[in-house]
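Got chain A; can you put chain B on it based on the hints?
Number of protein chains: 2
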Amino acid sequence: MKQGDHGGNIFEAAGFLGVAPDEILDYSSNVSPWPADVFEGADTAKIFSRLPEPESETLRDAFAEKYGLRRRSVCITSGTTEAIEIICRIFTGKRALILSPTYSDYGRLCHRYNISTELLFTKPENGFKPVPRLFRTDADICFICNPNNPTGVLMDKPALIDIIKTNHNTFFVIDESYMPFAPDELRQTMLKEQLGNMAVLRSFSKIFGLPGLRLGAVITPGEEQSKRISSQLLPWNVNSAAQYAGEKLLKKDTTLAAGKLRMIKEKFLKELEGLEIVKPMESDVNYVLCRLNGMSSAELFEKCLRRKMLIRDCSNFVGLSGSWVRIAMGDRMEPIINFLKGI
Amino acid sequence: MKQGDHGGNIFEAAGFLGVAPDEILDYSSNVSPWPADVFEGADTAKIFSRLPEPESETLRDAFAEKYGLRRRSVCITSGTTEAIEIICRIFTGKRALILSPTYSDYGRLCHRYNISTELLFTKPENGFKPVPRLFRTDADICFICNPNNPTGVLMDKPALIDIIKTNHNTFFVIDESYMPFAPDELRQTMLKEQLGNMAVLRSFSKIFGLPGLRLGAVITPGEEQSKRISSQLLPWNVNSAAQYAGEKLLKKDTTLAAGKLRMIKEKFLKELEGLEIVKPMESDVNYVLCRLNGMSSAELFEKCLRRKMLIRDCSNFVGLSGSWVRIAMGDRMEPIINFLKGI
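Top line first, the protein sequences correspond to chains A and B.
Per this note's numbering, the first sequence starts with residue 1, numbered consecutively.
Per this note's numbering, the second sequence starts with residue 1, numbered consecutively.
These are calculated hints, taken from the structure and not from any lab test.
Here a beta-carbon is modelled for each residue, glycine too, at the ideal position from N, C-alpha and C.
Among the hints, a few may not be true.
[Said to hold, decoys possible] Part of the chain B face toward chain A, derived, beta carbon under 7 Å:
(1) 50
(2) 53
(3) 81
(4) 209
(5) 214
(6) 234
(7) 240
[As the list claims (entries may be wrong)] Each pair of labels, with its calculated beta carbon distance range:
(8) 282/A / 15/B: 47 to 53 Å
(9) 306/B / 156/A: 56 to 62 Å
(10) 342/A / 228/B: 47 to 53 Å
(11) 306/B / 66/A: 33 to 39 Å
(12) 186/A / 322/B: 49 to 55 Å
(13) 247/B / 335/A: 28 to 34 Å
(14) 296/A / 158/B: 57 to 63 Å
[To be verified] Here chain A is said to cover these stretches of chain B; the calculated rule only asks that three of the stretch's residues, wherever they fall, bring their Cβ under 8 Å from a Cβ of chain A:
(15) 38-49
(16) 241-255
Just chain A, with the same shape it has in the complex (with noise of 0.2 Å):
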């Protein structure tokens, strides 16, 4: 079995293994591995026995709330995927800049639409962290996925907010997916600035270990684009179930999983310490991305998977070689960990 276009895929590693997906330790995907009990005492039928509401008006009132935010400000999707479908459609045949090596649903997505790319690339020798004078850009949109996957560097913020302030003719998209794990994320959070030509995508589901769910929101304070957004999203994009589990999810602290996670992670690296064959990156969130010596990523992708274990292979985020694994912190990494200590 070799690794399909995205990681966490257990039930083809169980299928392949002949194994129940529930055997199989997951470090590939980069979500917590405590999934929030929204649906305890839930009456899930009758849920699901009503439509959804047509856009998620009670969650994105609730959201804009929660975050200070205008409400028009807010769109809830299913999932980041459909934010970044919707904004690519919107730059239909225009040209992007995409930071990377990152997350492979920008690049897939703009080609989709037809808008050209151009990749920015961070390096490992500056530990992926990008070049500290500001970049210039005349793309039309630009994607930074920040804190990013698959490297897990955050970007300092300032920086950030001079970048988008000096290309002022560019529509930049910032994916905070992972920043609800990063260190006082309502400091580095780009939720709260009002810039119009900026986008910010959140999810729910990693921070709360609910994959399942697809529930995201893009949040755009410029009105113009934020118009724009809303009038393509689908109605019923949100199923019933995730309408529900998101409002209860935004009452949640989230700040003790994400705490933990940076403990398990501090542990993880202090173990791989001086370990030849496997050097892992710093990292500001719960994944860790490390660098093979004398090993190619599928080689030990495979080693992984014979013992039951998934990691991420890395070698088709475009700018990274076969020598790089993402691995995501959980509460069990003994095994990995003594593995990899062992190979």
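Only chain B this time, still in chain A's reference frame:
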């Protein structure tokens, strides 16, 4: 309160009246009043704690097997809306024919993708039945909802097949969202017809009373079109709970609920016989289009709303004036029957 673009918004109605959504009797949404109990004993939290399958592979294969279809001809979608959108996207800038009056999303999504639309109207004086002679069209794509919403009319199947075969340069979208309510569904469905210039849309939400799921399928016998559609699907377009439910629902019998609803409809038609103000049309499914005399649809909508009953004002269906309403069959028909009889 006026009705929005679609029926079924009991939340808005409840908010307007200042009552709980549970107190609203909803005759505006065309779904079965008996939600299938697929979540009995399910561990919902666990279901959501995993990414869905990227393309709902298990559900897709089960659907194909149930109806004896090629696996690759089936795509699972987030409701039929997503299927319509993808098909419209593929036909961007082309010309469409829409058999009308009908569900408004065909026209709305054609408009989004710059598809010019021609409407072919069926007439109330013919009971909204398509004219018996075959029609010829040079449109690139043709939308036929069968049985049709809001008229409730089921087309003659041999005639439909002839139309599709005759117009072999036109791609036909046959929306069978309401087919499970029709008598003799398996004989009437186009699912197994091997016509290369056709896609059939199916919905899981209507017959199973689970509109909150957002779950549908598009079946495309033609290989080229089938590939084009599947290449436009977003990964994880369907959430985990919807995939879980879909697999259970495929095993359920639907003929009992459909039969019960037909009996309820017969009784409804009989009770309304001879009324001056409300004249129900014949219907092959679980909802009835009614012509009003001496009262506008907006007026009747308002009057019903004040009695906590939601009906579908059909004035925003292109081709229907303000004298039509649609009433869906449910398990509590006395209140609406008594009210209509007493006007």
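We went through each hint and held it up to the structure:
no., hint, result
1, 50, "holds (5 Å)"
2, 53, "holds (6 Å)"
3, 81, "holds (5 Å)"
4, 209, "holds (6 Å)"
5, 214, "holds (4 Å)"
6, 234, "holds (5 Å)"
7, 240, "holds (3 Å)"
8, 282/A / 15/B: 47 to 53 Å, "holds (49 Å)"
9, 306/B / 156/A: 56 to 62 Å, "holds (59 Å)"
10, 342/A / 228/B: 47 to 53 Å, "holds (48 Å)"
11, 306/B / 66/A: 33 to 39 Å, "holds (35 Å)"
12, 186/A / 322/B: 49 to 55 Å, "holds (51 Å)"
13, 247/B / 335/A: 28 to 34 Å, "holds (31 Å)"
14, 296/A / 158/B: 57 to 63 Å, "holds (60 Å)"
15, 38-49, "holds (count 10)"
16, 241-255, "holds (count 3)"
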